[in-house]
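J.: Here are the chains, one letter per residue:
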Amino acid sequence: MDSLLHISTLHYLVLGAALFLLGVIGVLTRRNVVIILMSIELILNAVNLNLVAFSHYWQGLPARMGGGPGALHGQVFAIFVITDAAAEAAVGLGILIAFFRNKETVNMDEVNLLKW
Amino acid sequence: MTPVATPFFFYLLAGTMIIGGILVITRKNAVHSALALITTLLAQAGIYLMLYAPFVAGVQIILYAGGIMVLFLFVIMLINLERSQKERQFNKQWLVGIAAATALGGLFITVYTKGKALFPGSAASYVEEQNTQNIASLLFDRSQGMYMFSFEIASLLLLVAIIGAVVMAKKRI
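Taken in order, these protein sequences are the chains called A and B. Sequential numbering of the first sequence, starting at 1, is according to this note's numbering. Sequential numbering of the second sequence, starting at 1, is according to this note's numbering.
Chain A extracted, bound-state conformation (with noise of 0.2 Å):
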């Protein structure tokens, strides 16, 4: 009961897993690639997650093992992918208005042309 009320990095690693699994489910299984999309921005959510936790574990560390306030790294990284998942969007969204005016079609079934 102690573990669960008292809060660490492990709650957010474990919240951020379930979001990763949610994510790779909806992109397994899920035929609309709007969705499939979204289940990808899932995923980097978990990631930076999972950066910014870490980011606070290493705050807490002392001067000698590379902690204190100015440890932001992290942070820093979350920041990063978060520019990547923009970019990603942009691109992505851009090829699936490509797709959709040839196809007529949002199915991720439908996107065979390179299957042999």
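None of these hints come from the bench; they were simulated from the model. Treat the hints with caution; some may be incorrect.
[As the list claims (entries may be wrong)] Mimicking EDC-like on lysine to aspartate or glutamate, the simulated pairs with C-alpha atoms at most 16 Å apart in a straight line are:
1. B:Lys86 with A:Glu104
2. B:Lys171 with A:Asp109
3. B:Lys28 with B:Glu82
4. B:Lys116 with A:Asp2
5. B:Lys28 with B:Glu87
6. B:Lys92 with A:Glu104
7. B:Lys92 with A:Asp109
On a predicted model such as this, the values are computed, not experimentally measured, just so you know.
With chain A fixed as given, assemble chain B onto it according to the hints.
T.: Relative to the frame of chain A, chain B by itself:
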């Protein structure tokens, strides 16, 4: 500032995120999925605030919930969705997908159960006043800005993404 009622807010925000994530991957209408994803992102911004990351929380709200999700909704409005709602929503490999995700979840559970002792709850006090300054000095500062080059590469990536999106959305290339 010392945190107040941390377990309550953690479980509230975590529950919101998990329920929102489940709604994202199960809803038939893509607009409903997008709204559930916005809820998840806002709850995650609250989690960032609990982790003393106010700048990342602000970036999350402004850029993710305000920018990327509006882009998603815009594209959903552009493409025809009535027909895809009547079709099957899950593909034929859903059983394999669930099995793979279960295996991955088992891996997570194993790792986190074995490594539980590595993450003791630290009782250190955190300063959140200078969070934005410290991030900026990591990004831009001349002496200790170790991420300046990465920042420039990120700007280049955004330029490439803009060009790519325009080329992809053009009618004739």
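J.: Each of the hints needs a verdict: does it hold here or not?
T.: Okay, the hints, checked on the actual structure:
1. B:Lys86 with A:Glu104: Distance of about 15 Å is within 16 Å: holds.
2. B:Lys171 with A:Asp109: violated (23 Å)
3. B:Lys28 with B:Glu82: The hint holds at about 10 Å.
4. B:Lys116 with A:Asp2: This hinted pair holds, its Cα atoms lying about 14 Å apart.
5. B:Lys28 with B:Glu87: holds (10 Å)
6. B:Lys92 with A:Glu104: violated (21 Å)
7. B:Lys92 with A:Asp109: Holds, at roughly 9 Å.
Checked against the numbered hints above, the structure breaks hints 2 and 6 and satisfies the rest.
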